[in-house]
Amino acid sequence: MVKREDGRKPDEMRPIEIKAGVIKNADGSAMVKFGKTIAIAAVYGPRAMHPRRMQEPDRTVLRCRYSMVPFSTTDRCRPGPSRRSTEISKVTREALEPALFLDEIPKTVIDVFIDVIAADAGTRTTGINAASVALADAGIPMRDLVASVAAGKIGKEVMVDLAGKEEEETSCDVPIAYMPRSKQVTLLQMDGDIPVKDFNDVLKMATKSCEQIYKKQKEALGERWIK
Amino acid sequence: MNIQEQFIKDLASKGNRNDGRKEKDYREIIIEKDVIPKAEGSARVKFGDSEVIVGVKMGVGAPFGDKPDSGVMMIGAELSPIASPDFETGPPREDSIELARVVDRGIRESKMIDLEKLCIEKGEKVWMVFIDIQIINHDGNLIDVAALAAVTALHNSKMPTYEKDVVNYEKKTKKLPVRFKPITITVAKISGKFFVDTTLEEENAMDSRVSVAIKDDGNICAVQKGGDSLTESEIHQIFDLASEKAKELRKLIN
Numbered sequence: 000m001v002k003r004e005d006g007r008k009p010d011e012m013r014p015i016e017i018k019a020g021v022i023k024n025a026d027g028s029a030m031v032k033f034g035k036t037i038a039i040a041a042v043y044g045p046r047a048m049h050p051r052r053m054q055e056p057d058r059t060v061l062r063c064r065y066s067m068v069p070f071s072t073t074d075r076c077r078p079g080p081s082r083r084s085t086e087i088s089k090v091t092r093e094a095l096e097p098a099l100f101l102d103e104i105p106k107t108v109i110d111v112f113i114d115v116i117a118a119d120a121g122t123r124t125t126g127i128n129a130a131s132v133a134l135a136d137a138g139i140p141m142r143d144l145v146a147s148v149a150a151g152k153i154g155k156e157v158m159v160d161l162a163g164k165e166e167e168e169t170s171c172d173v174p175i176a177y178m179p180r181s182k183q184v185t186l187l188q189m190d191g192d193i194p195v196k197d198f199n200d201v202l203k204m205a206t207k208s209c210e211q212i213y214k215k216q217k218e219a220l221g222e223r224w225i226k
Numbered sequence: 000m001n002i003q004e005q006f007i008k009d010l011a012s013k014g015n016r017n018d019g020r021k022e023k024d025y026r027e028i029i030i031e032k033d034v035i036p037k038a039e040g041s042a043r044v045k046f047g048d049s050e051v052i053v054g055v056k057m058g059v060g061a062p063f064g065d066k067p068d069s070g071v072m073m074i075g076a077e078l079s080p081i082a083s084p085d086f087e088t089g090p091p092r093e094d095s096i097e098l099a100r101v102v103d104r105g106i107r108e109s110k111m112i113d114l115e116k117l118c119i120e121k122g123e124k125v126w127m128v129f130i131d132i133q134i135i136n137h138d139g140n141l142i143d144v145a146a147l148a149a150v151t152a153l154h155n156s157k158m159p160t161y162e163k164d165v166v167n168y169e170k171k172t173k174k175l176p177v178r179f180k181p182i183t184i185t186v187a188k189i190s191g192k193f194f195v196d197t198t199l200e201e202e203n204a205m206d207s208r209v210s211v212a213i214k215d216d217g218n219i220c221a222v223q224k225g226g227d228s229l230t231e232s233e234i235h236q237i238f239d240l241a242s243e244k245a246k247e248l249r250k251l252i253n
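Those sequence lines, one after another, are chains A and B.
So in numbering that gives the first Met the number 0 the end of the first sequence lands on 226, straight run, no missing numbers.
So in numbering that gives the first Met the number 0 the end of the second sequence lands on 253, straight run, no missing numbers.
Quick caveat, the hints were computed from the structure, so don't treat them as lab data.
Please read all numbers here as calculations on a predicted model, not as lab measurements.
Don't take every hint at face value.
Said to hold, decoys possible - Derived lysine-lysine pairs resembling DSS-like cross-links, with alpha carbons at most 25 Å apart:
{"hint": "1", "chain 1": "A", "residue 1": "LYS182", "chain 2": "A", "residue 2": "LYS215"}
{"hint": "2", "chain 1": "B", "residue 1": "LYS32", "chain 2": "A", "residue 2": "LYS203"}
{"hint": "3", "chain 1": "B", "residue 1": "LYS188", "chain 2": "B", "residue 2": "LYS37"}
{"hint": "4", "chain 1": "B", "residue 1": "LYS110", "chain 2": "A", "residue 2": "LYS155"}
{"hint": "5", "chain 1": "B", "residue 1": "LYS246", "chain 2": "A", "residue 2": "LYS196"}
{"hint": "6", "chain 1": "B", "residue 1": "LYS188", "chain 2": "A", "residue 2": "LYS196"}
{"hint": "7", "chain 1": "B", "residue 1": "LYS192", "chain 2": "A", "residue 2": "LYS196"}
{"hint": "8", "chain 1": "A", "residue 1": "LYS182", "chain 2": "B", "residue 2": "LYS192"}
{"hint": "9", "chain 1": "A", "residue 1": "LYS89", "chain 2": "B", "residue 2": "LYS188"}
Turn these sequences into a full structure, and let the hints steer you where they fit.
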């Protein structure tokens, strides 16, 4: 078995910490830590959609904004949207949408803001985990929580939750988001180089890990709401 | 949902399409090379009524700090308002950024361009390859059309020469160092069935899509899902279909 940089087993994620209700002003919020990666998500809404031309007459619009704060990385990252963050905001929205009932309240918007305050690989997946808990924390009806993690391959070994230098060493990096109850994959991306037949192992490990994250998400919501 | 969407969905549930194609059929594909005289390489690709021009321009600039001896590749996409009543002027929106980044990943991760051969002076000067995707007419499946056009354009690009700190665009002698032919295939799920090469009408009715970039050796090098969720077995079916179609499309590039 290959020893990982931080001594983890291949199927072992970094220490995970999830806390619901971290921003008082927000309707729902959550903080999620995966090792040294920290994301905070806030949910506002459902509320009236402004600008009004973006209203949908028959449904709620889900609007996501993923952003890395300037001090989250070794080299300061420029504030404001980039091509990368725009794409991640889009896939994050598509990862969360299947969990929501968006055809119940017309002309409204649910805003999900994700700020990555510390980045050490896996920021989009950590952000989705936080957003999912924040949506539940806001009391928004959901089909299921969405759990998210990346898996990849280093050499012949499949590994989950790639961190630090591992991300550069992998032959492929597959971030997924998953709804454990219905076994639906809501985020699927990949870059690298992998035979089609090996993809199954990567996907399996990622979905299995998502089930563990799912438990922790539920625990965090329980701690906040079950007295 | 409007009537047209419902019509497409009803047809799709039986594996049919409104233009008479089967699930795995592509529209007529037309590839033209070297269509832009001033570009280092270019291609115009049509899938039915979808039409894209990709131009490759090169210049000399500084390398990235973490890769001092490697050339730089950049891909941009412009959903020009000439191409569809739904496209607007202004800064790039989500769709065009995703299009550019998915095509980028397919080419970058396949290591198609030999970027190390594009170093002029380590840490100081390298060749920069700018690949720009211009949508001429939008009738669906833009990712596949753009990716095929980009790979074709790169395979037919000639490098300008660099003498005494000046780029000479008149004198193009060497070919751009490229090796593989990565192919991107997007599979759409409509009413539980899988289709390739969707038209705009079909895209408005589809549930989800997965774009898969496939290398010459059959390995996959980039994946991007859009739209609604999928099960694991659906993902595998999509990969198998994409792998099959990639082999056919690769033969069209020369």
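Status of each hint after checking the structure:
Proximity of LYS182 (chain A) to LYS215 (chain A) is assessed by CA-CA distance (about 18 Å); at most 25 Å being required, the pair is judged to hold. A hinted pair counts as satisfied when its Cα atoms are at most 25 Å apart, and LYS32 (chain B) with LYS203 (chain A) does not qualify at roughly 43 Å. A hinted pair counts as satisfied when its Cα atoms are at most 25 Å apart, and LYS188 (chain B) with LYS37 (chain B) does not qualify at roughly 40 Å. The straight-line distance between the Cα atoms of LYS110 (chain B) and LYS155 (chain A) is roughly 20 Å, inside the 25 Å bound, and the hint therefore holds.
Under the criterion of a C-alpha separation no larger than 25 Å, the hint pairing LYS246 (chain B) with LYS196 (chain A) is consistent with the structure, at around 17 Å. For a cut-off of 25 Å, the pair hint linking LYS188 (chain B) to LYS196 (chain A) stands: about 22 Å separates their Cα positions. With a C-alpha separation of about 22 Å, the suggested pair LYS192 (chain B) and LYS196 (chain A) falls inside the 25 Å cut-off, and the hint holds. Of the supplied pair hints, the one linking LYS182 (chain A) and LYS192 (chain B) holds, its CA atoms being roughly 19 Å apart against a limit of 25 Å.
As the CA atoms of LYS89 (chain A) and LYS188 (chain B) are separated by approximately 19 Å, the hinted pair is consistent with the 25 Å bound.
The structure does not agree with the numbered hints 2 and 3 stated previously, though it agrees with the rest.
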